[in-house]
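2 protein chains.
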Amino acid sequence: MAIIIPLKKPHEPRHDALAALTALVADDLVATNQIIVQRMESQVPLIPQLASHIIAAGGKRLRPVLALAAARLCNYQGQRQRKLAAAVELLHTATLLHDDVVDASELRRGLPSANALYGNQPSILVGDFLFSRAFQLMVEDGSIDVLRILATATAIIAEGEVLQLSAKNDSATSEQTYLEIVRAKTAELFAAACRVGAVIAARPAAEEEALRTFGLNLGIAFQIIDDVLDYDAQQETLGKSIGDDFHEGKITLPVILAIHRGSEAERAFFKRTLSDQIQRDGDLAHALDIMRRHEALLDSVERAKHYGAIARDSLGLFPDSTIKAALLDVVDFTIQRGF
Amino acid sequence: MAIIIPLKKPHEPRHDALAALTALVADDLVATNQIIVQRMESQVPLIPQLASHIIAAGGKRLRPVLALAAARLCNYQGQRQRKLAAAVELLHTATLLHDDVVDASELRRGLPSANALYGNQPSILVGDFLFSRAFQLMVEDGSIDVLRILATATAIIAEGEVLQLSAKNDSATSEQTYLEIVRAKTAELFAAACRVGAVIAARPAAEEEALRTFGLNLGIAFQIIDDVLDYDAQQETLGKSIGDDFHEGKITLPVILAIHRGSEAERAFFKRTLSDQIQRDGDLAHALDIMRRHEALLDSVERAKHYGAIARDSLGLFPDSTIKAALLDVVDFTIQRGF
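Those protein sequences? They're chains A and B, same order as listed.
Read in this note's numbering, the first sequence has 100 at position 8, and its numbers run on one by one without any break.
Read in this note's numbering, the second sequence has 199 at position 107, and its numbers run on one by one without any break.
Hints are computed from structural coordinates only; laboratory data are not their basis.
One or more hints might be untrue.
Chain B stretches covered by chain A per the calculated footprint, using a threshold of three residues with CB under 8 Å from any CB of chain A [said to hold, decoys possible]:
id	stretch
1	127 to 140
2	173 to 179
3	187 to 201
4	206 to 217
5	252 to 258
Pulled from the structure, derived: some chain A residues nowhere near chain B, Cβ distances all over 12 Å [claimed, not checked]:
id	residue
6	Asp108
7	Asp119
8	Gln126
9	Arg131
10	Asp195
11	Pro214
12	Val218
13	Ala243
14	Thr244
15	Glu301
A virtual CB, placed ideally from N, CA and C, is assigned to each residue, including glycine.
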């Protein structure tokens, strides 16, 4: 069974807007990657071993690329963005390590997760180490404003993770709670990464706000689409697994829409499979069937488009440029990726 | 069986020097405690629930008291020490939460640990939250120097925790590695807490260094004595359990001395019980017997006295005062506590 979401014509050649944006900041990203590798060094061999596994594991470096691109958009001429982009990626990596322990994930980007390979204990502690290293980088940068933005973002991320844990397997989770979780655990770091670009370039408050808005709404759209892709059968044709969220009982937007629009029987089905975690053969197919009936995936994408539109409009006050066009393309690409 | 370490005459009334020092900074400590309670608030109810459990659980507030006392010693007249002492305690609490998960500890200060009560997942995430809150407090304080000191300390703590994990159950651990672990995971935060007092008072570098030396060496002495007390039978008469480290296979100084001084058979005994974790009835008593034979506990206390002496001498360049006398008393008390 396949849920076809015709966002673009079949066989239309796919333009990878993220790769294009990354190419525009390639020189900075090389430097950022060097800083990341250098800062995960330690006399304790287990630290670089474990850290390099997760940091090298095929990540797209989306957050640092956004930080670098935001600085470029603000016409920043120095090199501070390189260290700060590294700090953002280290913060992100620290949360991934802890997330995978909390979720008992065995895979991360198709490879064994750090906790699966090295165990939970070093994953927790190396996460703490990378977190501290990120703050050391920010301290070296020396800006209290930047420190405030990133320290606040990390507190909100941690708060969002706890909220997500509290809502876990609760099929009564509202769309509002879902959005609050997504905003906290994903979008705030996107927002902080983009905002920092304006801060170091000493741009006016309106531009800082515009970049914060851009990152926040791009981040929300990004996470919604991530959650849709977990139910998108076309992913299977691309060799990616689907249904992980379903098997874990994660309450994501497609499920919430299906539950809200569903019959009593359909609601009972989601309560059994997701809240009570009683799953049988054929349940995933049945879930997809209910979602299709209620256009839950299609309308999740519509919701993502809304946040994408806010992100796009927020860049309106920047003059046209190659980097601005590339950032706008990334918004569309984020929503269309995988389709 | 009891190992009697006659550090002081029996029945000599015990003067609680830590209580005396705490009384001297009581007004600041009340304010610090208010800040701690205020900063563990969150809209996500699980966060203050879990955080208040560990923060209220009978902690002595040793690190914040040291930070407050150091500021007093430096004749600091403002109130910045209150927030920073709270930040230090939040950092410490975050590491306790993660430690208890890593060690699968069921008890903390005689009460069920947070992970035992709430599970590992929220303990990890609330630890991250408190860590972020600590950095937010430092950012509010606004001093990059203070941020540098505490960010560096947290990176060293995390490094020390990973080193400890790598050395876990390794009966070949050297005294040097033990000292490096103790320094990193315990003493660096004592050092940072004391040093911050001099930094905010804008005292000369020599005083900052003196307070760093004081905290570092007090911290090493403190941890060594903690490790001795885990084998001290007099603790049993005080209603405290002994042998936890032995049952977990922790390689602490008393064990290292016993192994280094022991016969082949005694070394094999520690390898079986601690490295291979094969323990039988009577093994703890036998371990205590070996330690007594080689004066391992007594000489561990001697080692602690060495670090205590360095701590005491480091305060020499401060003029005599009530607070200085109280800090010196705490060094002696740290070494004598429990005996």
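Results for each hint:
1. 127 to 140: holds (count 6)
2. 173 to 179: Not satisfied, violated; 0 residues make the cut.
3. 187 to 201: holds (count 4)
4. 206 to 217: That given contact holds, which follows from 5 residues of the stretch 206 to 217 of chain B lying within Cβ reach (below 8 Å) of chain A.
5. 252 to 258: Our answer is that it holds, as 5 residues pass the Cβ test (under 8 Å) against chain A, meeting three.
6. Asp108: Check passes; 33 Å lies beyond 12 Å.
7. Asp119: holds, 28 Å
8. Gln126: Correct as stated: the minimum Cβ-Cβ distance to chain B is 19 Å, above 12 Å.
9. Arg131: Violated, since 9 Å does not exceed 12 Å.
10. Asp195: violated, 8 Å
11. Pro214: Violated, since 6 Å does not exceed 12 Å.
12. Val218: The claim breaks: Val218 (chain A) does not keep its Cβ more than 12 Å from every Cβ of chain B (closest is about 6 Å).
13. Ala243: violated, 4 Å
14. Thr244: Label violated. Min Cβ-Cβ 6 Å, cutoff 12 Å.
15. Glu301: At about 20 Å from chain B, Glu301 (chain A) clears the 12 Å cut-off, so the statement holds.
Going through the hint list in order, the structure does not satisfy hints 2, 9, 10, 11, 12, 13 and 14.
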